[in-house]
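Given next are the chains, with one letter for each unit.
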Amino acid sequence: MAAISPQPTFEGDIFSAQLVHTDSNLLACAEPDYKPFIPGNSLRRMTRVLKMGLTAALKCSQESGITTPGPIVTGTGKGSLQDTEKFIKEIVEYKETALNPTPFIQSTYNSVNGLIALQQKCTAYNNTFVHRGFSFENALLDSMMLLQEGATHTLTGAFEEITKEHFYIKSRIGFWKDQPTDSRELYRHLSPGSIAGEGATFFTLTGTPTPQSYAAISDFRMLYKPTGNKLTIALRAFTEAPDLIITGRNGDSNFEHYYQELDQCFPGIPQLPFKHLCGEYDTAGAFGLWLAARILKAQQIPAAWFPGIGHLPTPVHSILFYNHFYGEQHVMLKLEKV
Amino acid sequence: MAERVFITGIGMITAIGDNVAGNLRNLRLQHSGLGYSSYIDTVYKNVLPVAEVKHASDSLFALAGMPAKEGYTRTTLLGLAAMREALQDAGITDIQSAPTGFINASTVGGMCDTEKLYFDIIDPGKTGSFLQYIDTLDCADCTQRIADTVGFSEHIATISTACSSSANALMFGARMIKQGMLPRMVCGGTEALTRFTLNGFNSLKNVDKQFCRPFDQQRTGLNLGEGAAYLVLESETFARANNSRILAELSGYCNTNEAFHPTSPSPDGDGAYEAMKTALEMSGHSLEEVSYINVHGTATLNNDVSEGKALERLFGDKVPLFSSTKPFTGHTLAAAGAIEAIYSILAIQHGLIFPNLNFSERMEELTISPVTTLMEGYPVNHVISNSFGFGGNNASLVISKYEG
Chain E
1 MAAISPQPTF EGDIFSAQLV HTDSNLLACA EPDYKPFIPG NSLRRMTRVL
51 KMGLTAALKC SQESGITTPG PIVTGTGKGS LQDTEKFIKE IVEYKETALN
101 PTPFIQSTYN SVNGLIALQQ KCTAYNNTFV HRGFSFENAL LDSMMLLQEG
151 ATHTLTGAFE EITKEHFYIK SRIGFWKDQP TDSRELYRHL SPGSIAGEGA
201 TFFTLTGTPT PQSYAAISDF RMLYKPTGNK LTIALRAFTE APDLIITGRN
251 GDSNFEHYYQ ELDQCFPGIP QLPFKHLCGE YDTAGAFGLW LAARILKAQQ
301 IPAAWFPGIG HLPTPVHSIL FYNHFYGEQH VMLKLEKV
Chain Y
1 MAERVFITGI GMITAIGDNV AGNLRNLRLQ HSGLGYSSYI DTVYKNVLPV
51 AEVKHASDSL FALAGMPAKE GYTRTTLLGL AAMREALQDA GITDIQSAPT
101 GFINASTVGG MCDTEKLYFD IIDPGKTGSF LQYIDTLDCA DCTQRIADTV
151 GFSEHIATIS TACSSSANAL MFGARMIKQG MLPRMVCGGT EALTRFTLNG
201 FNSLKNVDKQ FCRPFDQQRT GLNLGEGAAY LVLESETFAR ANNSRILAEL
251 SGYCNTNEAF HPTSPSPDGD GAYEAMKTAL EMSGHSLEEV SYINVHGTAT
301 LNNDVSEGKA LERLFGDKVP LFSSTKPFTG HTLAAAGAIE AIYSILAIQH
351 GLIFPNLNFS ERMEELTISP VTTLMEGYPV NHVISNSFGF GGNNASLVIS
401 KYEG
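Chains E and Y, in that order, are what the protein sequence lines are. Taking our numbering, I'd label the letters of the first sequence as residues 1 to 338. Taking our numbering, I'd label the letters of the second sequence as residues 1 to 404.
25 Å max Cα-Cα, derived BS3-like pairs, lysine-lysine: (1) K170(E) / K86(E); (2) K116(Y) / K95(E); (3) K54(Y) / K209(Y); (4) K334(E) / K178(Y); (5) K126(Y) / K164(E); (6) K116(Y) / K164(E); (7) K95(E) / K205(Y); (8) K69(Y) / K225(E); (9) K69(Y) / K116(Y); (10) K86(E) / K164(E); (11) K35(E) / K121(E); (12) K95(E) / K126(Y); (13) K69(Y) / K54(Y); (14) K89(E) / K45(Y); (15) K126(Y) / K116(Y); (16) K205(Y) / K89(E); (17) K121(E) / K277(Y); (18) K89(E) / K126(Y); (19) K209(Y) / K95(E); (20) K45(Y) / K116(Y).
Sample of chain Y residues facing chain E (criterion: CB under 10 Å; computed from the structure): (21) V108; (22) D138; (23) S164.
The hints are simulated quantities; they were obtained by calculation from the structure and are not laboratory data. Quick reminder that beta carbons are idealized off the backbone N, C-alpha and C, glycines included.
Work the whole structure out from these sequences, hints included.
Shown next as structure tokens:
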């Protein structure tokens with residue numbers, strides 16, 4: 001696994017890491033040094049989310065120790081916003097003449113996948129899903145099908161960036177809180193909107209456990225625009241009481257009621273929300289899954305990230321992960337200790 | 001044994017027809033949809049030919065079967081028009097009658113409308129009903145509006161792998177059926193012409209000022225097109241129990257990556273070769289059994305060399321009849337795979353081989369050339385349909401005659 005996020009997740013020990021916070025309503029990624037991963041001449045042409053996506057993918061492959069590349073499946077809600085915005089503007093600025101094609105090429109949603117395949121010389125299956133809060137989740141489903149079909153492993157991930165311009169655009173339709181909100185206090189400020197975020201997260205998935213495995217995904221369900229009642233029925237049918245719940249709660253009063261359904265389904269089970277760490281974005285679920293898998297393997301929680309939570313109920317054998325994106329795409333995953 | 005996957009309904013809209021029958025008529029008449037744009041706001045309006053659907057967005061609402069409403073982009077409306085026909089063709093009056101998934105494909109979502117409003121959207125001084133279009137830029141917008149309008153509530157997804165997007169949507173849906181996740185899936189893609197993509201391909205010097213000439217020595221690039229197409233896929237068990245009318249079988253498919261270059265295919269067509277070979281192996285049919293290949297055939301310098309080389313490598317001196325239908329429809333990007341899958345079915349149903357328009361001179365790199373005249377009464381049993389895209393994404397589908 002590898003994650004580039006607003007927290008120091010790319011290198012170092014997350015269990016002793018400090019909590020990065022903001023009151024700007026936008027949690028931006030702590031970008032790593034890309035030079036060990038991407039040759040300098042390529043690096044100069046690449047925009048931010050391409051660098052983040054490619055680097056997280058390469059680090060993930062390195063960490064897994066798997067040398068034969070396999071299928072590459074990703075999800076992204078918005079792809080390279082920076083390139084899309086740039087090309088839209090250059091079309092006007094240069095009156096549609098003598099345009100540099102690079103932003104157009106890089107704005108293509110599957111450009112990160114193409115770069116990963118190119119750098120790894122990987123000719124296997126390659127797919128990119130672009131469906132808001134189901135982008136990463138469909139990539140995960142696709143990967144699980146590939147493993148069923150006989151692939152030994154997949155490289156599966158998600159990447160997203162937020163630009164100043166897109167932050168403003170989404171503010172016009174109520175995505176973010178009106179008032180500057182301390183990200184540490186996110187869950188106490190229940191009001192319309194959340195805080196923005198971004199990240200690139202990759203996983204190596206295998207059909208059978210290895211000594212390096214972090215966790216097993218034992219069940220998985222997506223629900224599109226369910227009613228509260230349908231969600232409750234699905235949650236109850238999904239799992240018995242887990243040891244721990246990781247949730248996508250984000251302080252948005254418009255959609256908080258779905259998380260309340262979750263509370264009612266599983267009273268008394270400790271919950272860890274993760275959006276104060278990464279912000280809200282289409283593929284934040286990938287970061288949440290990464291965190292759940294880290295906790296499950298280490299049997300501890302990053303203390304500074306969850307002040308006041310205290311200790312885990314040990315041992316943690318199972319985690320229920322539940323997230324939704326602005327009430328439309330709902331995801332539940334069950335993780336078990338390997 | 002995994003389920004066989006049958007095609008039980010088709011629907012489409014392109015520059016040569018508002019439905020499948022209209023497309024078939026113009027394919028037979030050899031009427032191209034290429035011309036100059038009436039609707040894109042571009043300096044290339046009268047310079048670069050495109051294959052545009054001959055309706056203003058306002059009049060597409062009727063074809064989409066809904067009253068005019070803010071927030072519905074041309075991408076969504078084209079998609080809805082094709083979706084309505086596909087469902088009707090499959091005899092589906094209520095999607096909820098069986099669990100049904102929807103896998104859509106798009107390359108630039110609602111860019112066709114947002115590019116006209118973008119500077120208002122980012123201007124704090126401007127406000128108005130254009131704000132209804134803010135969230136239509138991404139690719140999921142059209143998928144969800146189509147899903148919500150016709151009533152999909154099970155699995156939904158949107159795929160974006162450039163020009164192979166809807167071929168991958170069909171593949172993903174077929175695999176979900178084979179894994180027993182859902183008995184019925186509707187898969188395809190929708191694409192509206194935009195100034196964004198036109199300038200994108202033009203900046204790559206990939207657009208022909210004349211009507212495109214696939215596999216021709218003098219070809220200089222592609223023409224863009226727009227349209228949408230959806231196919232209803234059903235598991236064999238479901239199709240039999242439901243007494244569905246089976247149009248054809250999706251018997252093989254392959255997705256592979258070339259890992260060669262971000263936008264160019266390899267000169268020897270490694271990816272195209274691998275995709276066709278593996279898809280055909282999956283179908284269980286031999287090279288000799290392939291009656292027709294609906295090639296990707298964009299008429300760019302690189303694609304046609306690469307794809308042509310792959311055909312020669314795979315089939316040796318027995319390359320089947322092949323043609324590119326892009327001179328009819330333009331290159332419809334995310335919709336191309338699904339549109340051409342439907343053309344493959346029409347070839348099987350009606351015993352037709354479609355001509356590769358605008359061809360006159362064989363490429364110097366190749367020993368093969370495409371079919372140039374309409375062939376009727378030709379037995380077509382197995383068709384390979386190719387879709388290759390940016391990022392090295394290659395996809396091939398094998399569509400077979402239903403023999404019971």
